[in-house]
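Line order of the protein sequences matches chains A and B.
Here the working numbering is used: the first residue of the first sequence is 10, the next is one more, and so on.
Here the working numbering is used: the first residue of the second sequence is 10, the next is one more, and so on.
No lab work stands behind these hints, which were simulated from the structure alone.
Small disclaimer: the values here were computed from a predicted structure and weren't measured.
Since no wrong hints were added, every one of them can be taken at face value.
The list treats identical chains as one, so a pair stands whether inside a single copy or across any two.
No farther apart than 25 Å at their CA atoms in a straight line, the calculated lysine to any residue pairs in the SDA-like style are these:
hint: 1; residue 1: 11; residue 2: 144
hint: 2; residue 1: 274; residue 2: 174
hint: 3; residue 1: 11; residue 2: 240
hint: 4; residue 1: 274; residue 2: 324
hint: 5; residue 1: 274; residue 2: 184
hint: 6; residue 1: 274; residue 2: 186
hint: 7; residue 1: 274; residue 2: 364
hint: 8; residue 1: 11; residue 2: 124
hint: 9; residue 1: 274; residue 2: 185
hint: 10; residue 1: 274; residue 2: 358
Here is how the chains run, residue by residue.
2 protein chains.
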Amino acid sequence: MKNVLGDLIDLLEGGGAVALARVVEVSGAAPREPGAAMLVTADSAVIGSLSGGCVEAAVIETARDVLATGLCVNERFGVDDGIAPGLTCGGEIEVVTERVGTDKLPLLQRLRALIEAGEPVGLVGTLSGVPDWALVRPGESAPWSQIDGTIASLVRAGRSAVAGADRCEPDQSARPRVFVQAFGAPPRMILAGANAFVRALSHTGTQLGYRVTVVDAREVFATAAQFPHAHEVVVDWPHRYLRAEVAAGRVDGRTVVCVLTHDPKFDVPMLAAALTTASVAFVGALGSRRTHTERVARLREEGVTDDQLRRLHSPLGLDLNARTPEETAISIAAQIIAETSGGSGRALSDTEGPIHR
Amino acid sequence: MKNVLGDLIDLLEGGGAVALARVVEVSGAAPREPGAAMLVTADSAVIGSLSGGCVEAAVIETARDVLATGLCVNERFGVDDGIAPGLTCGGEIEVVTERVGTDKLPLLQRLRALIEAGEPVGLVGTLSGVPDWALVRPGESAPWSQIDGTIASLVRAGRSAVAGADRCEPDQSARPRVFVQAFGAPPRMILAGANAFVRALSHTGTQLGYRVTVVDAREVFATAAQFPHAHEVVVDWPHRYLRAEVAAGRVDGRTVVCVLTHDPKFDVPMLAAALTTASVAFVGALGSRRTHTERVARLREEGVTDDQLRRLHSPLGLDLNARTPEETAISIAAQIIAETSGGSGRALSDTEGPIHR
Chain A
10 MKNVLGDLID
20 LLEGGGAVAL
30 ARVVEVSGAA
40 PREPGAAMLV
50 TADSAVIGSL
60 SGGCVEAAVI
70 ETARDVLATG
80 LCVNERFGVD
90 DGIAPGLTCG
100 GEIEVVTERV
110 GTDKLPLLQR
120 LRALIEAGEP
130 VGLVGTLSGV
140 PDWALVRPGE
150 SAPWSQIDGT
160 IASLVRAGRS
170 AVAGADRCEP
180 DQSARPRVFV
190 QAFGAPPRMI
200 LAGANAFVRA
210 LSHTGTQLGY
220 RVTVVDAREV
230 FATAAQFPHA
240 HEVVVDWPHR
250 YLRAEVAAGR
260 VDGRTVVCVL
270 THDPKFDVPM
280 LAAALTTASV
290 AFVGALGSRR
300 THTERVARLR
310 EEGVTDDQLR
320 RLHSPLGLDL
330 NARTPEETAI
340 SIAAQIIAET
350 SGGSGRALSD
360 TEGPIHR
Chain B
10 MKNVLGDLID
20 LLEGGGAVAL
30 ARVVEVSGAA
40 PREPGAAMLV
50 TADSAVIGSL
60 SGGCVEAAVI
70 ETARDVLATG
80 LCVNERFGVD
90 DGIAPGLTCG
100 GEIEVVTERV
110 GTDKLPLLQR
120 LRALIEAGEP
130 VGLVGTLSGV
140 PDWALVRPGE
150 SAPWSQIDGT
160 IASLVRAGRS
170 AVAGADRCEP
180 DQSARPRVFV
190 QAFGAPPRMI
200 LAGANAFVRA
210 LSHTGTQLGY
220 RVTVVDAREV
230 FATAAQFPHA
240 HEVVVDWPHR
250 YLRAEVAAGR
260 VDGRTVVCVL
270 THDPKFDVPM
280 LAAALTTASV
290 AFVGALGSRR
300 THTERVARLR
310 EEGVTDDQLR
320 RLHSPLGLDL
330 NARTPEETAI
340 SIAAQIIAET
350 SGGSGRALSD
360 TEGPIHR
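Can you make the complete structure from the sequences, with help from the hints?
Okay, here's the thing in structure tokens:
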């Protein structure tokens with residue numbers, strides 16, 4: 010939607026209502042991501058796109074009704090019912106079309122200012138009748154108390170997705186189905202080491218919404234082909250790379266750093282760099298208990314303080330008795346979620362109190 | 010390798026040594042899975058294939074040396090060094106070629122008999138010098154004590170992969186680099202419900218080596234396009250499907266059943282069916298604590314006993330304060346690994362004793 014935001018504001022400032030159609034869910038080989046947006050004006054001018062082809066023609070028809078009634082319309086395309094327009098790729102998309110009036114201008118102008126300032130923010134809207142909209146920034150609450158946490162997770166992760174309304178809860182108004190359109194960069198996961206464990210963790214990290222960087226000084230191993238799920242693979246000494254990223258302002262309080270090199274030559278300076286960077290959300294290092302003990306001694310020699318060492322998750326991961334790289338990736342991802350969200354790692358069936366806090 | 014096993018046995022019974030070349034690791038868009046195998050005889054007859062093209066020509070050359078020396082050779086293809094034969098797909102594969110002599114006949118005949126009997130089994134071999142081979146069945150130990158657990162995980166999961174030797178351990182002989190070639194069906198993960206949580210869990214389950222089935226009675230939601238990572242999507246009442254699979258002998262002591270329907274009409278009969286099936290490895294149900302309490306009451310009404318109810322993991326997952334479908338999938342996968350492998354879910358940095366048990 011970012012690419013049509015300026016046009017939407019311009020059109021509203023010109024005085025008329027505009028129909029905004031957005032992809033809110035996709036599955037299979039769908040051509041666009043959630044959040045892809047198209048504007049349709051009262052005189053049927055079209056800005057942006059949803060998927061190409063007959064889906065857009067159908068949505069332009071829908072937009073006329075939406076502009077007339079003010080009620081949003083929800084359509085699924087690609088579900089093979091033999092009647093509705095389909096997608097040739099085998100995927101399915103859900104499109105919601107709604108009328109945006111001039112009353113939304115102040116909110117949209119604030120949204121644009123936040124995006125321009127580089128602040129992560131979510132535009133959250135309900136998906137039935139006359140939609141309610143709210144802007145949510147990390148750390149803020151959404152007006153729908155029971156889905157606050159989910160919305161916050163998505164905004165923090167920079168991920169656009171549907172939330173709410175798929176549980177059997179007593180008070181449906183507290184968890185309506187909403188679309189969270191997230192703006193701002195996703196959080197980073199920086200993985201030191203080029204091996205099968207990093208390969209598995211880069212895949213799991215990507216699924217969780219992280220932008221994953223793999224860094225290793227050995228150019229034979231640190232190749233894009235070895236890490237098909239990483240967003241970038243960097244050949245450099247991990248600590249030198251991390252220091253440069255910190256200096257460039259590309260590391261923030263959501264950044265996760267995991268060191269899986271199995272080599273003190275690389276992991277000690279990398280951990281020293283990560284632990285002395287105040288803003289990092291999570292620092293972990295894989296290894297045996299003996300490796301851990303030796304590593305802590307070396308880190309102390311490097312001048313890392315006890316307070317800084319307390320931030321180190323080592324040996325990395327939850328105790329799942331994980332064996333394979335894929336199982337180990339789950340144990341690490343589970344610890345990162347628990348640590349950044351306040352979970353305990355115990356079985357929910359053995360604990361009491363709310364499941365979502 | 011299964012497709013060349015009969016030929017390999019025939020050739021050995023004929024008296025001569027045979028070169029066996031196998032893909033042991035792949036990355037990126039590699040054309041074959043680990044375990045793809047090719048045989049080369051002393052007179053350069055070739056059976057099976059590795060990738061097509063120039064890789065095979067190079068491996069046939071290698072096979073001549075291997076038959077002459079008896080020492081295995083390890084080669085990587087697709088690493089762009091400007092000299093060696095490459096893969097056009099951008100992937101990388103590692104191929105190990107070794108000589109198989111008539112001394113291996115009894116082991117290979119036993120392997121064939123186990124495969125024909127439908128028993129899961131792994132052929133494990135070291136990857137340097139003159140390789141050592143061993144057959145490993147679930148529950149048995151491998152001769153390399155420090156990688157026993159990893160080998161057992163792979164055999165149980167029906168996954169072929171490299172294990173060992175990538176940690177800095179004092180006794181390398183106890184954890185040599187080996188290739189585990191697994192035979193037998195992978196374990197099953199049966200997921201009831203067609204929603205975003207099942208979509209995320211089907212992806213994570215596939216990564217962990219499960220063969221994932223999604224089952225839901227609602228044909229609008231239970232479509233292959235909605236679950237691109239599931240191996241099959243079944244439109245049926247979940248309990249009816251599970252009962253039929255049990256009756257057909259397609260459920261075993263490795264099968265995981267998770268119920269995420271959010272609808273008592275579907276989940277109570279499904280859980281009753283799963284909990285009264287003695288052999289299932291893990292049964293879990295997603296939901297709030299109130300849903301859990303109500304569900305347990307209904308299950309008692311259906312005649313499920315206290316002993317059977319103790320097998321139910323509900324509310325499902327570890328307490329990570331997981332929010333999104335992807336985070337929830339990690340919390341469930343982590344619980345499945347911990348439960349089937351004997352882990353506690355506590356942070357490894359807070360526990361003592363061995364990391365792998």
